[in-house]
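Novice: What follows is each chain in one-letter form.
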Amino acid sequence: MNKHIVDKLILRSYKDNYLDEKTVNKIASLLNKQDLKTYINGLKLEEMKKCLIVSSPVDNQNLDEFRKLFPNKKIVLKKDTSLMLGVRVIDNDIVHEFTLKSSFDKILNYIEHNYD
Amino acid sequence: MIDDNKIIEALEKKLMTFGGNAKTQNVGTVTKNTDGVIIATGLSRAFMGEKVVFQDGNAGMVLNLDEDSASIILLDEASKIKEGDTLKTTGETLSVEVSEELLGRVIDPLGNPLDARSRIKKGKKMPLEKIAPGVVQREPVSSPLKTGIKTIDAMFPIGRGQRELIIGDRQTGKTAIVIDTIINQKFNKKPVICIYVAVGQKRSTIAQVIDRLSSENALSYSIVVSASASDQASLQYLAPYAGCAIAEYFLEKGKDVLVVFDDLTKHAWAYRQISLVLRRPAGREAYPGDVFYLHSRLLERSVKLNKENGGGSITALPIIETQANDISAYIPTNVISITDGQIYLQTDLFNAGIRPAVNVGQSVSRVGSAAQTPTIKSVSGKLKLELAQYSSLAAFAQFGSELDAATQKQLDRGRRLTEILKQPQFTPLTEDLEVLSIYAVTSGLMDDVPIENFQRFEKEMHEFAKKNYQKVLEELSTGEKPTEQTLKQISKLVGEFKKRFE
Numbered sequence: 001m002n003k004h005i006v007d008k009l010i011l012r013s014y015k016d017n018y019l020d021e022k023t024v025n026k027i028a029s030l031l032n033k034q035d036l037k038t039y040i041n042g043l044k045l046e047e048m049k050k051c052l053i054v055s056s057p058v059d060n061q062n063l064d065e066f067r068k069l070f071p072n073k074k075i076v077l078k079k080d081t082s083l084m085l086g087v088r089v090i091d092n093d094i095v096h097e098f099t100l101k102s103s104f105d106k107i108l109n110y111i112e113h114n115y116d
Numbered sequence: 001m002i003d004d005n006k007i008i009e010a011l012e013k014k015l016m017t018f019g020g021n022a023k024t025q026n027v028g029t030v031t032k033n034t035d036g037v038i039i040a041t042g043l044s045r046a047f048m049g050e051k052v053v054f055q056d057g058n059a060g061m062v063l064n065l066d067e068d069s070a071s072i073i074l075l076d077e078a079s080k081i082k083e084g085d086t087l088k089t090t091g092e093t094l095s096v097e098v099s100e101e102l103l104g105r106v107i108d109p110l111g112n113p114l115d116a117r118s119r120i121k122k123g124k125k126m127p128l129e130k131i132a133p134g135v136v137q138r139e140p141v142s143s144p145l146k147t148g149i150k151t152i153d154a155m156f157p158i159g160r161g162q163r164e165l166i167i168g169d170r171q172t173g174k175t176a177i178v179i180d181t182i183i184n185q186k187f188n189k190k191p192v193i194c195i196y197v198a199v200g201q202k203r204s205t206i207a208q209v210i211d212r213l214s215s216e217n218a219l220s221y222s223i224v225v226s227a228s229a230s231d232q233a234s235l236q237y238l239a240p241y242a243g244c245a246i247a248e249y250f251l252e253k254g255k256d257v258l259v260v261f262d263d264l265t266k267h268a269w270a271y272r273q274i275s276l277v278l279r280r281p282a283g284r285e286a287y288p289g290d291v292f293y294l295h296s297r298l299l300e301r302s303v304k305l306n307k308e309n310g311g312g313s314i315t316a317l318p319i320i321e322t323q324a325n326d327i328s329a330y331i332p333t334n335v336i337s338i339t340d341g342q343i344y345l346q347t348d349l350f351n352a353g354i355r356p357a358v359n360v361g362q363s364v365s366r367v368g369s370a371a372q373t374p375t376i377k378s379v380s381g382k383l384k385l386e387l388a389q390y391s392s393l394a395a396f397a398q399f400g401s402e403l404d405a406a407t408q409k410q411l412d413r414g415r416r417l418t419e420i421l422k423q424p425q426f427t428p429l430t431e432d433l434e435v436l437s438i439y440a441v442t443s444g445l446m447d448d449v450p451i452e453n454f455q456r457f458e459k460e461m462h463e464f465a466k467k468n469y470q471k472v473l474e475e476l477s478t479g480e481k482p483t484e485q486t487l488k489q490i491s492k493l494v495g496e497f498k499k500r501f502e
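Here the protein sequences line up with chains A and B, keeping their order.
Taking my numbering as reference, the numbering of the first sequence is continuous, increasing by one, and the terminal residue is 116.
Taking my numbering as reference, the numbering of the second sequence is continuous, increasing by one, and the terminal residue is 502.
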């Protein structure tokens with residue numbers, strides 16, 4: 001099946017910005033194994049585009065600001081204590097780092113590259 | 001030694017930026033790993049040629065950007081990378097760190113030492129891919145780059161900033177010529193830094209070259225960039241560009257650099273392999289459509305800069321290996337058309353004992369004569385013509401028909417010229433000795449010396465001249481056209497030596 005057709009099917013699988021289980025099951029039943037794999041991968045990528053992952057070292061991270069900034073995205077909070085302080089925001093394939101860990105990494109990298 | 005306070009100061013500055021500007025990264029996920037090429041999704045902001053880093057620290061370079069995936073060539077081992085691994089862009093193109101410390105070292109195309117010696121201190125980052133200097137920054141080739149090989153210096157002179165192709169079948173002495181040229185640079189008043197780029201060669205061959213350079217004390221002003229046959233195709237593809245990037249570092253300092261690409265045939269093979277794995281459309285001989293640009297953008301970086309831009313130069317000696325003397329194949333014709341001339345080596349000549357086995361009729365140097373010194377120009381003027389005439393006459397002479405006296409004389413002179421141009425490997429000559437040898441034959445001073453004794457006669461004559469006629473040799477090394485007086489002195493020298501020669 002043409003990749004463009006699979007892309008169209010992926011778009012049709014959404015209703016009001018959410019996956020429609022009925023449509024998905026119907027489409028899946030009509031596809032062969034290879035096309036189903038492409039369809040699932042496409043759905044995963046589409047889900048990633050619609051989702052914003054906020055990683056924070058604390059449980060009670062306030063997400064209101066993110067909801068305002070990304071009104072059309074599903075916001076998911078993930079706890080990650082290794083970040084030490086701050087937040088990491090993953091928007092599809094773009095990662096925004098506002099964490100202490102990232103600052104330490106930057107310093108480490110700077111030292112490695114500038115001092116022998 | 002770095003001051004402790006400076007380190008802490010730098011760290012404090014870094015800490016000040018905490019919270020100020022966020023670090024934004026573009027990430028992707030590996031979907032496929034085939035033959036050293038990775039297909040990854042994500043990476044929406046990646047650009048062509050960008051360096052990417054995998055989660056395990058391996059590096060790669062983006063070579064294809066498709067609608068929803070990117071193809072990346074790996075610069076390290078491919079076996080560890082699996083589907084689902086993450087990678088991120090770096091915002092940088094590939095570069096090599098260069099400093100004077102690289103002199104005398106053997107490195108890989110990414111600047112990592114391969115010679116089991118001390119770690120190389122970080123230097124200036126030089127990009128592997130760079131647009132060649134424009135016409136405004138350049139000036140015509142004007143100073144010679146001596147190879148120390150009589151045939152080349154007399155008939156196909158190479159200038160600083162020139163691109164001279166060395167082409168021939170396997171085992172015809174292509175590498176020997178470039179090694180001799182590198183060795184000969186130690187006799188230069190203005191030093192030339194030599195970079196030997198080995199692409200797709202056996203490690204044993206590379207080790208032999210390094211050993212030879214080392215034993216001739218030529219490694220101190222040389223750098224060897226090695227991407228052997230057992231290295232990834234990606235490293236073989238990058239090696240010539242790394243050599244060029246290193247050369248550009250010294251060029252910026254106004255120095256003269258010689259870069260040898262040994263050889264570009266294997267470089268084209270490596271690029272063909274990468275392109276086929278990347279599923280780029282295959283063209284003639286299965287090479288991709290941009291194989292001409294692959295070599296033209298590399299060789300265009302050899303340059304002679306004008307005084308305002310430092311006056312440095314990069315001379316390129318690319319090597320091409322032909323199959324069955326076919327110089328009309330795809331890659332040879334491409335590189336012939338890019339370069340400023342070629343030295344064509346032939347198996348027949350090599351087997352006939354004519355070494356270096358240069359085919360005079362098909363070799364040419366398009367810009368080098370402008371760089372030839374008046375000294376050697378004055379003695380080598382008719383050399384090429386006489387040798388070409390000899391080659392054509394020699395073919396007729398084989399029929400055994402009777403020849404007139406003039407033809408006989410021409411044939412005899414041709415044989416003598418051919419004999420004097422023979423030169424053993426690793427014995428480059430200084431210009432004064434080259435001129436002495438060539439003048440001795442072209443002026444007929446050696447007409448009564450038996451041809452079978454030519455090699456010994458020449459060697460012993462050089463020793464004799466060094467001992468007894470030092471002043472004549474000094475005059476011949478000035479680069480000026482020899483005076484009548486000097487020529488008379490040479491005649492006297494040869495005459496005197498002939499009496500002693502047994």
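For the record, the hints were derived by calculation from the structure and aren't laboratory data.
Glycine is no exception: its CB is placed at the ideal position from the N, C-alpha and C atoms.
Warning: the hint list may mix true and false statements.
[Claimed, not checked] Pairs of lysine-lysine residues, derived as DSS-like cross-links and limited to a Cα-Cα distance of at most 30 Å, are as follows:
{"#": "1", "chain 1": "A", "residue 1": "Lys-101", "chain 2": "B", "residue 2": "Lys-499"}
{"#": "2", "chain 1": "A", "residue 1": "Lys-106", "chain 2": "B", "residue 2": "Lys-422"}
{"#": "3", "chain 1": "A", "residue 1": "Lys-50", "chain 2": "B", "residue 2": "Lys-498"}
{"#": "4", "chain 1": "B", "residue 1": "Lys-499", "chain 2": "B", "residue 2": "Lys-481"}
{"#": "5", "chain 1": "A", "residue 1": "Lys-50", "chain 2": "B", "residue 2": "Lys-125"}
[Claimed, not checked] Far from chain A, by Cβ distances over 10 Å, these chain B residues were calculated:
{"#": "6", "residue": "Ala-22"}
{"#": "7", "residue": "Gln-25"}
{"#": "8", "residue": "Val-27"}
{"#": "9", "residue": "Thr-31"}
{"#": "10", "residue": "Arg-45"}
{"#": "11", "residue": "Asp-68"}
{"#": "12", "residue": "Glu-77"}
{"#": "13", "residue": "Glu-300"}
{"#": "14", "residue": "Ala-324"}
{"#": "15", "residue": "Gln-408"}
{"#": "16", "residue": "Thr-427"}
{"#": "17", "residue": "Pro-450"}
{"#": "18", "residue": "Lys-466"}
Novice: Run the C-beta distances from Thr-427(B) to all of chain A and say if the shortest one exceeds 10 Å.
Specialist: holds, 41 Å
Novice: Check whether the Cα positions of Lys-50(A) and Lys-125(B) lie no farther apart than 30 Å.
Specialist: violated, 39 Å
Novice: Does Arg-45(B) really sit off the interface, with its C-beta more than 10 Å from all C-beta atoms of chain A?
Specialist: violated, 7 Å
Novice: Need the status of pair Lys-50(A), Lys-498(B): alpha-carbon distance at most 30 Å?
Specialist: Violated, at about 93 Å.
Novice: So Asp-68(B) supposedly isn't at the interface. Is its beta-carbon more than 10 Å from every beta-carbon in chain A?
Specialist: violated, 7 Å
Novice: Far enough from chain A: is every CB of that chain over 10 Å from the CB of Glu-77(B)?
Specialist: Given a closest Cβ separation of 22 Å, the condition holds.
Novice: Lys-101(A) and Lys-499(B) were given as a pair; does the straight-line alpha-carbon distance stay at or below 30 Å?
Specialist: Distance ~86 Å between Lys-101(A) and Lys-499(B) Cα, so the pair is violated.
Novice: According to the definition I'm using, a residue is off the interface if its beta carbon is farther than 10 Å from all beta carbons of the partner; does Pro-450(B) meet that for chain A?
Specialist: Non-interface label on Pro-450(B) holds, nearest chain A Cβ at 63 Å vs cutoff 10 Å.
Novice: Beyond 10 Å from every Cβ of chain A: is that where the Cβ of Gln-408(B) lies?
Specialist: Holds, since 71 Å exceeds 10 Å.
Novice: Once the closest CB in chain A is found, is it more than 10 Å from Ala-22(B)?
Specialist: violated, 5 Å
Novice: Taking the closest pair, is the beta carbon of Thr-31(B) still more than 10 Å from chain A?
Specialist: violated, 8 Å
Novice: For Lys-466(B), is the shortest CB-to-CB distance to chain A above 10 Å, so the non-interface label stands?
Specialist: For Lys-466(B), whose nearest Cβ neighbour in chain A is about 47 Å away, the distance exceeds 10 Å, so it holds.
The structure does not agree with the numbered hints 1, 2, 3, 5, 6, 7, 8, 9, 10, 11 stated previously, though it agrees with the rest.
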